[in-house]
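Novice: These protein sequence lines map, in sequence, to chains A and B. Numbering-wise (our numbering), the first sequence opens with residue 4 and increments by one. Numbering-wise (our numbering), the second sequence opens with residue 6 and increments by one.
Any given hint could turn out to be false.
As the list claims (entries may be wrong) - Below, a sample of chain B positions facing chain A; criterion: calculated Cβ distance under 10 Å:
hint	residue
1	A45
2	G47
3	M51
4	P76
5	L81
6	T90
7	G97
8	R123
9	T128
10	V131
As the list claims (entries may be wrong) - Derived list of chain A stretches under chain B, where covered just means 3 residues or more per stretch with a C-beta under 8 Å from a C-beta of chain B:
hint	stretch
11	169-175
12	219-228
13	415-422
Rather than coming from a laboratory, the hints here were simulated on the basis of the structure. All C-beta atoms, glycine included, are put in the ideal place defined by N, C-alpha and C.
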Amino acid sequence: MDLLANVALGASVAITPTNLALCLLGCLLGTLIGILPGLGPIATISLLLPVTYSMPPVSALIMLAGIYYGAQYGGSTTAILVNLPGEASSVMTALDGYKLAQKGRAGEALFVAAAGSFIAGCFGTLVIVLGGPPLAEMASRFASPEYFSLMVLGLFTAVVLANGSIVKAVAMMVLGLFLGLVGNDVNSGQPRMTMGFPQLSDGISFVSIALGLFGIAEVARNLEAGIKQGQLINQITTLWPSRETLRAMVKPVARGSVLGSILGVLPGGGVTVASFAAYALEKRVAKQPSRFGNGAIEGVAAPESANNAAAQTSFIPLLTLGIPSSAVMAVMVGAMTMHGIVPGPMVIEKQPELFWGLIISMFIGNVMLVFINLPMIGMWVRFLRVPYRLLFQIILVVSAIGIYSVNNTTFEVYVTAVFGVLGYLFHKFECEPAPLLLGFVIGPLLEENFRRSLIISGGDAMVFFERPISLILILIGVGLAAAVALPAVRKKREEAFQEEAG
Amino acid sequence: MSASVRVRSSADIGSGLLIAAIGAAGLWLVRDLDMGDASAMGPAYMPTAFAAILVALGIFLVGRGLVLHGPAIGTLWIRPIGCVTLAFVLFGLTIERFGLVVAVLLLVTVASLGSSERSWWETLLVGVALAVASSLVFVVGLSVPVRLLP
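With the rest of the complex left out, here is chain A:
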């Protein structure tokens, strides 16, 4: 069996003392940042990129991936115990999870969240195992026009699924695409938009943009809001769920896993959309929808499963097509590029140890996370008592030194400050910056494939419509864009995001 051989290869890579330790470290860090509001996986992974530079690529990816899916576990803890989502993807969990905690069922809610996350995480990883190789096989036959169309489709989807105003999402995306082109032109070598700074000839540093928009701006906003932390933590009595609870969680976990796996693969989908959708679905199929918001166990089980499944399957487009589907995956592209890996269909074929090692580490990581989150819950709760006025100083100091150490230049520290201010303004203007980061990574790829396609065709744009796969991809994209323009769909989309506020 081919699959068994691959799994064995993956296990031989993932199960070494170093990689197990890094997987555990990633999961611990992920849980920690998941629990702490105001520090998300995008900023954390960007921050740790320079630190992983000296590691072998697969070890670095194992750790960084662990941070991402680990954060999905940790986020639920804060949501349930303090009614503050530790991550955006735990917003829905807070609705019913906190109510359960107030009724003295905090332990049960935590159990359901962790168990649901575990099952969904394993399911999502299984989806990668089964779906990844055939998809990569298909993608390896893609030429520039197909890639271009695929990216256009991805950008369309990301805009459709983005939170808030569509026009602003498009603007953020295009701004990202534009910023991605800063630096020397690949073909002519001429500097573009560098404003005379030689430091920009390789482009704006990815870490600076990510940390500025998601780290610095967030700190400023939290200071503004006067986040204090450390009060009103619900007590945990027992972690063991009753038989009814166990029975009640089975179907929501299954539905959440499937829905989350699908949404995770879609560009712009990702963990947050998955958890919203899963919650909405449960409410729809429930016999008494009124229980939701008042401590329904399904309201914890489904979104927590969905966000974990999505966290795993969002690796599929990255590992098979080489196209990031979300801002976090854009950071992973940064990580892979830094280690000299070109994300794409060739990864499975040329570096199977990397692909399978990472996949197997995800199974291991999910097992670790159950133990990290359930028996050790008491330790994590203590971190919630750290006041924000200490936390933000730690975030800032680590960010500043981290940014400086990427290339040992102060230039990038200033660039980060600029993007911090921009990120703050975008927030005030209600522009969600995630599409910007996605666009930033896709920008150079898009330009390269667009150029190449049109060189082949001699400047004829029909090349994108004459090739069948490219045509299908474009049609799906246009269909999506048209669907959003329809008033009915538009209303639904707005409703779906309204739930967030509630």
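Chain A is fixed; fit chain B onto it per the hints.
Specialist: Here is chain B on its own, set in the frame of chain A:
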């Protein structure tokens, strides 16, 4: 139609102005570069396209904010973002000249001015603790090549 022009969504207008300004700056920056044509694109081709879209979207947003009601910009608290940004810039200015310890102390002190709850002794304590910890972790542990003291 009484579509009088008035600020109906300051968030839309603000974002529109910012986005259009960035787009315009982009167009200006690539003005001397070769455009080429579709079959052989020059370095300016795609940046010009994106920048032009930005200008268009920015103008659209400004227009929308003048005609349709929408979200308003909340209060802009200059202090937190200002202090955090200034702290970062000061860190950049001092780290190579005066070393990590001074840069971290300065960063922590200035950043603390952006928080609503602060006390001098606590800031000093946190600053010293973080300066020592970061020296150990980054310079001793991860051997980031930067001097510690002036």
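Novice: Which hint numbers doesn't this structure obey?
Specialist: Going through the list in order, the structure violates no hint and respects every one.
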